[in-house]
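There are 4 protein chains.
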Amino acid sequence: MKVGFIGLGHMGAGMAGSLLKAGHEVVVFNRSPEKARPLADAGAKVARSVAEACEAGLVVTMLADDAAAEAVALGDDGLVTHLPKGGLHVSSSTIGVELSDRLAEAHARAGQAYVAAPVFGRPEAAAAAKLFVVAAGEPAAVERVRPVLDAVGQKTIVVSERPSAANLVKLAGNFMLASVIQSIGEAMALAEKGGVDRKLFLEVLTSTLFDVPVYRNYGGLIAERRFEPAGFAAPLGAKDVRLTLAAAQDLGVPMPFAGVLNERYLRLLATGGETLDWSALGGLAAKDAGLPD
Amino acid sequence: MKVGFIGLGHMGAGMAGSLLKAGHEVVVFNRSPEKARPLADAGAKVARSVAEACEAGLVVTMLADDAAAEAVALGDDGLVTHLPKGGLHVSSSTIGVELSDRLAEAHARAGQAYVAAPVFGRPEAAAAAKLFVVAAGEPAAVERVRPVLDAVGQKTIVVSERPSAANLVKLAGNFMLASVIQSIGEAMALAEKGGVDRKLFLEVLTSTLFDVPVYRNYGGLIAERRFEPAGFAAPLGAKDVRLTLAAAQDLGVPMPFAGVLNERYLRLLATGGETLDWSALGGLAAKDAGLPD
Amino acid sequence: MKVGFIGLGHMGAGMAGSLLKAGHEVVVFNRSPEKARPLADAGAKVARSVAEACEAGLVVTMLADDAAAEAVALGDDGLVTHLPKGGLHVSSSTIGVELSDRLAEAHARAGQAYVAAPVFGRPEAAAAAKLFVVAAGEPAAVERVRPVLDAVGQKTIVVSERPSAANLVKLAGNFMLASVIQSIGEAMALAEKGGVDRKLFLEVLTSTLFDVPVYRNYGGLIAERRFEPAGFAAPLGAKDVRLTLAAAQDLGVPMPFAGVLNERYLRLLATGGETLDWSALGGLAAKDAGLPD
Amino acid sequence: MKVGFIGLGHMGAGMAGSLLKAGHEVVVFNRSPEKARPLADAGAKVARSVAEACEAGLVVTMLADDAAAEAVALGDDGLVTHLPKGGLHVSSSTIGVELSDRLAEAHARAGQAYVAAPVFGRPEAAAAAKLFVVAAGEPAAVERVRPVLDAVGQKTIVVSERPSAANLVKLAGNFMLASVIQSIGEAMALAEKGGVDRKLFLEVLTSTLFDVPVYRNYGGLIAERRFEPAGFAAPLGAKDVRLTLAAAQDLGVPMPFAGVLNERYLRLLATGGETLDWSALGGLAAKDAGLPD
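Protein chains in written order, with this note's numbering: chain A, 1 to 293; chain B, 1 to 293; chain C, 1 to 293; chain D, 1 to 293.
Hints may be right or wrong, so weigh each one.
[Stated by the list, open to error] Computed spacing ranges between beta-carbons, pair by pair:
id, chain 1, residue 1, chain 2, residue 2, range
1, D, E228, C, T81, 51 to 61 angstroms
2, D, A22, C, A42, 52 to 62 angstroms
3, D, D150, C, A42, 46 to 56 angstroms
4, A, K130, B, E224, 28 to 38 angstroms
5, C, E105, A, P229, 50 to 60 angstroms
6, C, A22, D, E228, 21 to 31 angstroms
7, B, D293, C, R226, 23 to 33 angstroms
8, A, A128, C, P292, 37 to 47 angstroms
Derived by calculation from the structure, the hints in this document are not laboratory data.
Glycine included, C-beta positions come from ideal geometry on N, C-alpha and C.
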């Protein structure tokens, strides 16, 4: 298929590469054009504007946050303007429910289809086509883009006909990851202050109940207090917790753990943690217990 | 080895059975004697008192809570009184750090050894010798009981020379499980109120980031709102969170998630949840969101 | 002075009445015109549109929420459009910081002045000119409207040259009131479950440390569980906590108490509390403790 | 009346002085005897032991914490041993409900009466006989000591026939004070980061809704970040919150605000705040918002 791809950060570049490997004809666009070079070398065509990427009729976007996603889709020179009638926008960015609903509406008004398809997985998984894709949208539109979704991930789960439901699921997943980080942080501070070696404690956890990469990876970062360089930066984690709470507010769902996480991310960012990995939240517990860095 | 075994509940009976299968000579004792029958059929000798079980010189206890463990060990007719000098007490019960410290002191004064060896795993794992054992105590004492620990579990991890450190690790682990329950509860209520089917949401979680029995099992109970019969009763879960906070208080470790969990377990117990499984905590989030039962 | 006054709810009607009593020439407007009648009888001129009220050059607004305030000020037929150049808008509504900043900007672009002047006090205080006014804006503008502010309140405190700072102070004050409600609720549930009569407990509080109407009034409502009819409805209290948290988010201020309040208001509203007084939050603690209604 | 008085700290010395001024015959005892000197000068007899103070038949105790109160009452040379049959112990210390219940039981077994009569007020109020006394116990015993209670306070409120109920009310009151401190801290950090001067913000609060010494005093300390010297030390405040939560745990009362306070006091004490005033809790909010000290 012919696919436009906008947003070539760590995740987007990997996904676009996977599309190429699967034999799709990919037209990439990125605000900073140098990021397109490796993909051009791998066979992608490089567009000079969003409009040019839109000529493919089907465009996948993978952008950093709501502001970028809103600008690319709803801005003057954006997707809604340049996609043809009958065109389709697949939004894989982790964005808020409210914006996703607005995108759905805008595309519908323009006679275009819209599928939300955020993904779980890290950049390496994106490059290896091993992501998990959570998709939502009108069944016909979802079917139409399935070859694209299958090319970037190892599994596609369709959760609703309403696109924003996929964004909600993605946010809920990130909320659960942040909860893992916080619970490891508290438990490890307790064990350490009680005289148990941090890595030994982590070994107990991950060789018994929590034998899964999420606990091993975040637990390792927290045990080693290795929060730089950031794999997923604290401001991004903070943003996802905030968007989770915004959705909870609109839907009327009380979330006490999410409230604790939000308060602590605000503190992390206000006290010098802007450049750290989001797992640095797990380090606050040790700090609050008076443990040495 | 000759081993006394006191406390034949679901966990204890399985562990005593595993000891028999491994070829140990086991003398069992339980307050309600009928629970000893199946083990007698399997070859155990049945003691009529704690004192008689103490004749083995080495006694494992697996009791329901601090009160039972305190009575059996420190009571007038208890282990400290009846174990011979040089005897050894292996406490596998999930008890508080403070009591474990008192047991260590009392046994030391009586010239006896004391090893704390709480376990992770359910009754089926106990019966199948698949538990994970977290042990702590003087190295010589731990070595002495290693054949016993190895006979009940698939792995033994020694975390400290101070016995109560093993109890602390066990409590920290149960705190982390309760955190999993709460985070699933909040996330699932959010997804459901946003129109996503609960089981579909759980499938997303467990086929991606959280592909591990803990999430599958508790997630399943919460998705189906199946909190009866209790696999692990809410009052026991509440007790472990309380003991975690008590240890945190004594050690000076602030634990905001544990505080939220404690408050919610108190509510669950005060409003009719005494007979439910401890995963019913995950059902409160849906209730608070106004979702139907 | 000639003053337009828009928004004749319980608070606004009292304030407009105070302006009349102080000798000002008042032109009132309300979406539902019947609310203007008593003021007309007292000497007010009744405008048929926002535009007509704007002829006064100086307009005070007292509206229910951000949506109403935004529509009246920024809507097609709103204040920004109809106030003359050099006109002045005094916004007394309890609105968010973000909206107040947008109003300031819009009026500035239109060559108009803007003062935020939210008030503390109940409808009776409004009618008796006993409100406390918290004002912020350019010094010249604040001086110009001082006769109006002094006519509705017993004291005017100017907190900043940036209008939205007054809104922030008002929100912070309402957050503190909600904290009082929650703390009384928890303490009273504890005392009651410990066998102390609720009213006796309240008497202890209000005759010692907390001898002030806020504690007496909310404490009385909570002690009597008298949450209907609503003096200040739960959705309005919930909204103010939400706006407080929104400001805290934008400014980077972690507020754990505000997080707890927000979560509990969401629960109150999602479980049937929409028509209750906002002090019903204080009743949740008793409910969670299993106390009878 | 003849009255023994044990515990001559800031509060106790003031109370004993008030008893003398009211014409009672006072026999004082303090572990460090030099604190008795000023009272001896004012006419008190100085006892050399708890036993000697007990000869009065009626003994008031005002001690720092549960450990001191337990030692003086239940220790080998304590009140229960030395008070005559028919003697009466008035405990004014801020102690836990559980200890108060044990004291009641021990005195009852010894044929002695026991009244709990904790007080609200600061040392100056104690010296000026302006305390508020919260009393509980058997009606006859309470009546018997009323002249003593009336001599130290401006008002005595009897809340229950069960002595520990008075301790519960005192703890609930201190929980409410800690809630005031925390809510001021959060609100003031928000206002300050929004550009409002801290003292101006406090003036708004205390000239409107919160016109009461509690808010003025703690607000002033927080606005000035003047947490030394401690009027009421952080470890004592932390202890009272902990005892509140212990009572809540035993009675089955979920208290989310108390949980937040407890977590934050643990942090304050674990990170260098041991010598500060308990209002330093209100300074954490500013710190977490990244505001300068």
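Hint check results:
no.	hint	verdict
1	E228(D) to T81(C): 51 to 61 angstroms	holds, 57 angstroms
2	A22(D) to A42(C): 52 to 62 angstroms	holds, 58 angstroms
3	D150(D) to A42(C): 46 to 56 angstroms	holds, 53 angstroms
4	K130(A) to E224(B): 28 to 38 angstroms	holds, 30 angstroms
5	E105(C) to P229(A): 50 to 60 angstroms	violated, 39 angstroms
6	A22(C) to E228(D): 21 to 31 angstroms	violated, 48 angstroms
7	D293(B) to R226(C): 23 to 33 angstroms	holds, 29 angstroms
8	A128(A) to P292(C): 37 to 47 angstroms	violated, 60 angstroms
Of the numbered hints stated above, those contradicted by the structure are hints 5, 6 and 8, listed in ascending order.
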